[in-house]
Amino acid sequence: MRMRIMEISVGAFILAGMMALVGLALNVSGLSMSSSDDTYTVYARFENIGGLTSRSKVTMSGVLIGHVTNIDLDTDQLVARVEMEIYDDVNFLSIDSSASILTAGLLGEKYIGVSVGFEEEFMQEGDYFEDTQSALVLEDLVGKFLFNEVSE
Amino acid sequence: MSHFEDVIIDIQQLSFSRSDRPIYNNVDIKIPRGKITAIMGPSGTGKTTLLKLIGGQLNPDSGKIYLDGQNIPTLNRRELFVIRERMGMLFQSGALFTDMSVFENVAFPLRVHTKLPEDMIRDIVLMKLEAVGLRGASELMPSELSGGMARRVALARAIALDPDIVMYDEPFTGQDPIAMGVLVNLIRRLNESLGHTSIIVSHDIQETLGIADYIYLVADSSVIAHGTPEELKEVNSPQVRQFMEGLPDGPVPFHFPAVDYHDDLLQRGV
Amino acid sequence: MESLARLGRFGLNNLASLGRSGMILFQAIVARPQPLTMFPLLVQQIYFVGVLSLIIIVVSGLFIGMVLGLQGYTILVDYGSEQAVGQMVALSLVRELAPVVTALLFAGRAGSALTAEIGLMKATEQLSSLEMIGVDPLRRIIAPRFWAGFICLPILAAIFSIVGIYGGALVSIEWLGIYDGSFWANMQNSVDFADDIVNGLIKSVVFGFVVTWIAVFQGYDCIPTSEGISQATTKTVVYASLAVLGLDFILTAVMFGEI
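As you go down the protein sequences, you meet chains A, B and C in turn.
Counted from 1, the first sequence has number 114 at position 115 by numbering that gives the first Met the number 0; the numbering is strictly sequential.
Counted from 1, the second sequence has number 118 at position 119 by numbering that gives the first Met the number 0; the numbering is strictly sequential.
Counted from 1, the third sequence has number 207 at position 208 by numbering that gives the first Met the number 0; the numbering is strictly sequential.
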């Protein structure tokens, strides 16, 4: 009988551990089972990436469509080159789409916002965003304001 | 020395030391089959070590330990485990498994080494417990037993597999007179009825003299005397006399080696 | 000269015990495992090591989560981003506090008990007695305890995380009045399953391995007297805690340090 109680409580213990893990996955990380792992890679060049890091989100109209996977310096043009993976089912980014680095809230994290253009042709693996907008750096903004150049 | 007709354990030229301190130096011991042999000597002479050497838990620096022709120190782990099925050992503390009941403790060697059905194991365990007079205690846990009872259960466990050799490590230490009498009787009776060889390590002179057929007296890392109890009582060597009669001072000095007492006292402050 | 010799002796002793502990680990778990005979023993050990540690883990997880909620709120409210408290609570728990605090509590609660139990078995000659019966104590005593610790710590850490997060949620949503939608949404946006939860889990697996290894070795290698056992128990807690904290830094650097 003592052994039986032990076995039951060990079973319950392991079950609780698994449930905790599932709870962490679903409730805390918001992992959804349907998210596809298949992605394609595109690039964008930015004058200034602000505080963008790898693993930052890539969104379109606020919907998550991918992640930043790598950031390095383009030694030819001397600007930042951001590599990002876009989910395969988002296959309708026209080649004149634009990418901008945005901020969630005043002090929130940086992410990339994509807006679609009008061309018929779609972006493929390895393509670059032609139209990009760099991060808004607070110091630049304040500087421009001081020199009264904000109106530009 | 080799006047026994049938020797079961033959120890030749055994040397063993523990971190530079010699415990045994070229010791020869022969243990006769089916008899009770006692290894006696003052504390700290490594009597328990001898049992561990026979059981293969320790390896000697040099020398041979033959058990029916097999030299124990040269056996590998697997052969050692096989030969240990022929040995039962009663540890000083009893060494019952504290997380099992008395019944399970005695059943343990049977479960490990045999594939007997459960009802047969039950019969054997109850027989062994009956032999030590504790069949009624089979459902108790070791923590509920007195010291003497724990040792009797351990004895039942040691004889569970009907071993050829039973080794007793200080079986009488720390027992009240009644428990001691019970144990002395039990060892004698089991030896007669089951016909195994018993090796007793002890420094309790009276009890051991009462049951041993043959005695080895160990001191200063060698055997200083051996013989039947009657023979030993006749030996005139001062070392043997001191141990047999329990004199406080003699060849084994009362004082631990030290510098001269007078000098030591005067040296204070230097 | 004497101090140099002492340093050398210290180094040699430590290397020797490292070697012995490696041998014990190898013999206990690698050499000829016997899953069938071990299973009931394993269940028993998971009960002692895991189930009986559950209360301390749940209670400390709850309080640590609640404290994180309170502290996070008082800091974040100055920047007007108190909605991020869920993110802060979840990330600090899942990445750091759950694996580390669980491992430290586990070393104190289960590790010291393992050491003391094995040390006592050695002192009362139960280990020798097993050997004389013809059973390898490494396989019978050490292996199930080792596996139990290894299995239990990740489970306990996961329970610690989830309890802590709900504790933080309780404080932030019910008492501090943060809108529950933004609490959970912020958390879910920032916590990544592969990067945060799986990495936290890997940490606790590593800690489970190290803590039980230390506990089991200290018990098996201790001097079989009451003083030796108490020393070994202390060593288990100290060494295990130091190892957990040191390894945590290394693992964090590898996992989150952009290396």
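Simulated from the structure, these hints should not be mistaken for laboratory data.
Nothing here was measured: the structure is a model prediction, and the numbers come from that model.
Each residue gets a CB set at the ideal place from its N, CA and C atoms; glycine is no exception.
Treat the hints with caution; some may be incorrect.
As the list claims (entries may be wrong) - Take a look, some chain B residues computed to stay more than 10 Å from chain C by CB distance:
#1 94
#2 209
#3 238
To be verified - Some, not all, of what chain C presents toward chain A, calculated at C-beta under 10 Å:
#4 49
#5 153
#6 158
#7 159
#8 165
#9 189
#10 191
#11 194
#12 233
#13 237
#14 240
#15 244
Said to hold, decoys possible - Residues from chain B that keep clear of chain C, each with C-beta distances beyond 12 Å, as calculated:
#16 81
#17 93
#18 120
#19 168
Query - Check on residue 168 of chain B being off the interface with chain C, judged by Cβ distance over 12 Å - result: violated (8 Å)
Query raised in the report: Holds or violated: is the Cβ of residue 194 of chain C closer than 10 Å to a Cβ in chain A?
Result: holds (7 Å)
Query - Given hint residue 233 of chain C near chain A, where the shortest CB pair must fall under 10 Å - result: Result: violated, 28 Å to nearest chain A Cβ.
Query raised in the report: With d taken as the least Cβ-Cβ distance between residue 238 of chain B and chain C, does d exceed 10 Å?
Result: holds (30 Å)
Query raised in the report: Should the interface hint for residue 237 of chain C be scored as holding, given a Cβ-Cβ cut-off of 10 Å against chain A?
Result: violated (28 Å)
Query raised in the report: Is it correct that the beta-carbon of residue 93 of chain B has no partner in chain C closer than or equal to 12 Å?
Result: Check fails; 8 Å does not lie beyond 12 Å.
Query raised in the report: Is the shortest C-beta separation between residue 189 of chain C and chain A less than 10 Å?
Result: Since chain A brings a Cβ to about 8 Å from residue 189 of chain C, closer than 10 Å, the hint holds.
Query - Verdict on residue 81 of chain B as a residue remote from chain C, using beta-carbon distances over 12 Å - result: With a cut-off of 12 Å, residue 81 of chain B comes too close to chain C, as the shortest Cβ separation is near 7 Å.
Query raised in the report: When the nearest CB of chain A is found for residue 244 of chain C, is that gap smaller than 10 Å?
Result: Constraint on residue 244 of chain C not satisfied, violated at 23 Å.
Query raised in the report: With 10 Å as the cut and Cβ atoms as the points, is residue 153 of chain C at the interface with chain A?
Result: holds (7 Å)
Query raised in the report: Taking the closest Cβ pair, is residue 49 of chain C under 10 Å from chain A?
Result: This interface hint holds because 5 Å falls under the 10 Å limit.
**Report entry** residue 191 of chain C as chain A interface residue, shortest Cβ-Cβ below 10 Å
**Finding:** holds (6 Å)
Hint violations for this structure: numbers 1, 12, 13, 14, 15, 16, 17, 19, all remaining hints satisfied.
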